[in-house]
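Make the complex out of the two chains shown on their own, each in a separate frame, by following the hints.
Here is how the chains run, residue by residue.
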Amino acid sequence: MGTPQTTADPSTNVRAALTETPPSRPHRRAFDWSTMIIAAVAFAAAAAVYWRDGREHFMEIFGGDLTLFAEMLPKVLAGCLIGALVTMILPRELVARWVGHESGFTGLLVAAFFGFLLPGGPITIYPVAGAFLMMGADAGAVCAFIVSWTLIGYTRALVWELPFFGPHFVIWRIVAALPLPLIAGLLARLVVRAGYSYEQGK
Amino acid sequence: MILAVNILLWIVVAALAFVTAMRGRVLLDTGLRTGAGEFLRLLPRIGAGVIGAGFIAEVMPKALVASWIGPGSGFLGVIIATVGGALTPGGPVVGFSIGAAALKSGAGAPQVIAYSTAWALYAIHRLVIWEVPLMPARVVWLRALVSLPLPFIAAALAIMLGQP
Numbered sequence: 001m002g003t004p005q006t007t008a009d010p011s012t013n014v015r016a017a018l019t020e021t022p023p024s025r026p027h028r029r030a031f032d033w034s035t036m037i038i039a040a041v042a043f044a045a046a047a048a049v050y051w052r053d054g055r056e057h058f059m060e061i062f063g064g065d066l067t068l069f070a071e072m073l074p075k076v077l078a079g080c081l082i083g084a085l086v087t088m089i090l091p092r093e094l095v096a097r098w099v100g101h102e103s104g105f106t107g108l109l110v111a112a113f114f115g116f117l118l119p120g121g122p123i124t125i126y127p128v129a130g131a132f133l134m135m136g137a138d139a140g141a142v143c144a145f146i147v148s149w150t151l152i153g154y155t156r157a158l159v160w161e162l163p164f165f166g167p168h169f170v171i172w173r174i175v176a177a178l179p180l181p182l183i184a185g186l187l188a189r190l191v192v193r194a195g196y197s198y199e200q201g202k
Numbered sequence: 001m002i003l004a005v006n007i008l009l010w011i012v013v014a015a016l017a018f019v020t021a022m023r024g025r026v027l028l029d030t031g032l033r034t035g036a037g038e039f040l041r042l043l044p045r046i047g048a049g050v051i052g053a054g055f056i057a058e059v060m061p062k063a064l065v066a067s068w069i070g071p072g073s074g075f076l077g078v079i080i081a082t083v084g085g086a087l088t089p090g091g092p093v094v095g096f097s098i099g100a101a102a103l104k105s106g107a108g109a110p111q112v113i114a115y116s117t118a119w120a121l122y123a124i125h126r127l128v129i130w131e132v133p134l135m136p137a138r139v140v141w142l143r144a145l146v147s148l149p150l151p152f153i154a155a156a157l158a159i160m161l162g163q164p
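Which chain is which? The protein sequence lines are A and B, in order. Using the numbering used here, read the first sequence as starting at 1 and increasing by one per residue. Using the numbering used here, read the second sequence as starting at 1 and increasing by one per residue.
One chain only, chain B, in its complex shape (with noise of 0.2 Å):
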């Protein structure tokens, strides 16, 4: 599956080179350069940020997390679960496998969804290394402060529907 993600990624790479060069070689080497900078001045960011993230996972108290967020939690639970995804660091595997670890463990699945949504949104961890350094400061401040009614509004909705 990872591999399957791999090879896709890299189609759309071959394809935009593809498409590149028949504008212009010059384009497509100013591309690749830009691309290939980019790519060594995040390095640093990506090693602390994924090599601390199993750490910090490590440190974080789950069976504590899990108890709070109960079905019967109602929307505190969902508050609760939606502060503890912006806490949550680590990257897909952390936010997931403790969402999916409170759902075996008694949570409610409204508040798994506020989880994983806020963790999804607005994981400060991912703001810091991934956002910032990508995009203009202000606009990433902008997209986290429209994003913070999103995950009740994601937990009202999955109430809405109805259960899985």
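Okay, chain A solo, but in the shape it has when bound (with noise of 0.2 Å):
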């Protein structure tokens, strides 16, 4: 971990973290039209296998994705611990210089590897990409880290894909996928360039 400004005293730094506006995530309810439409699928999913198989299968799926669940939990929690943190001590100069608007190639660079390394699941990666978002990261950084993390991390090929595909398909997948993060990190920059707005107003 680098110091994070020039300033000699690290508790001024510290004061001037804290009275800065922190970054704000919009506020959001805990169930809305999105989670709506999901949980209404599901239930008719629910419902048509309950009809088609029985009682008894449905309570067998249930059960597994109870346990899916009750498994997940933990990992999610991580998640968003690691977002909230990595917002509270990164400074935000540093990742506005690693992977903001001016860091070029190297920018996509950083950020695919970043994917790359970043352990966990879905939960762990988009509070961090929200929050590289917040501190300055550009959106074709991210889209690269988001890629990234999703077709090449490790943690994922190694806890699901590896015992599916075994190790030669895996493998094979990988290094074809390998130039996919700094692809879509450059078209999102083109996208961007060309028109498209995506910092709202906050």
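Residues on chain A that point at chain B, a partial pick, calculated with CB under 10 Å: (1) 41; (2) 42; (3) 58; (4) 68; (5) 74; (6) 75; (7) 125; (8) 150; (9) 151; (10) 175; (11) 176.
Everything labelled a hint here was simulated from the structure, so no lab data went into it. If you're wondering where the values come from, they're calculated on a predicted model, not measured in any experiment. A virtual CB, placed ideally from N, CA and C, is assigned to each residue, including glycine.
As structure tokens, this is what we get:
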């Protein structure tokens, strides 16, 4: 961890970081329309399974889903905490310099590498990506980061993909995926340059 | 393996918390409270998404999917696989298990790569459940837009690399 600012006294840094308005997330209600849609589709599918296959099979699937849900919770909490803590300690000018608007191709490489490095599931990645955006990362770098985590992140490949497909297929797929984060980042920058604006009034 | 990932994640959390605590207690408190609040707001979404996923996967015609994307299906198979991947709901288990099942029952490897890449990148439910709540919506749409060609590029690269 590098020293965030060039100022000598670390306590002034902390105070500066605290008095500075913290990056605020848009306030969201826990249950909005998108969750409603998912819940409705899930309910319809559940009803279809119950009607088609009977109660026993329904309970079997329900139990499996509940187990998966319970297994996810510690990871979700860890992901949220990682996102929040990273926002607290990563100096914004560092993020802006590494993966900001002026970071160029290196910024995309750095972002793709971070995506490869960061452990966890989608729950870990999106809070961190959101935090990066608030700290001044550009959309191209964030796209490279998410695509890189999705396609070449090692935890995902190890935990989920390897048991299903075996090492040969997984390695082959990952090699084919290597250039994709950079392509996504470059495309995103092109689209932004063409006039797509993603920074809304805060 | 899953335990190892959990341990790894919490080591990262502990390390970050330690570094934050060195910068000041208030900072750590704020960070922990923000993170925990985010977690609580996400719970109902994850509940609906995860518990729904198993049922949604169950009502999908898996055998049909597998027969459409065989090795002889060529570029059309890649397109079908890409669309199928985008429409496949569910967590990591669902997409990978359908992909693996398709591979075993005669799907072509590039088609399966297109399928799992599309599923990983733009599964619609994942956009709605995870990305939109956690990132500005316009960045999510940008991310989805630039991801559109990626499954095709992945399949093309896979064909060029040769079979595994």
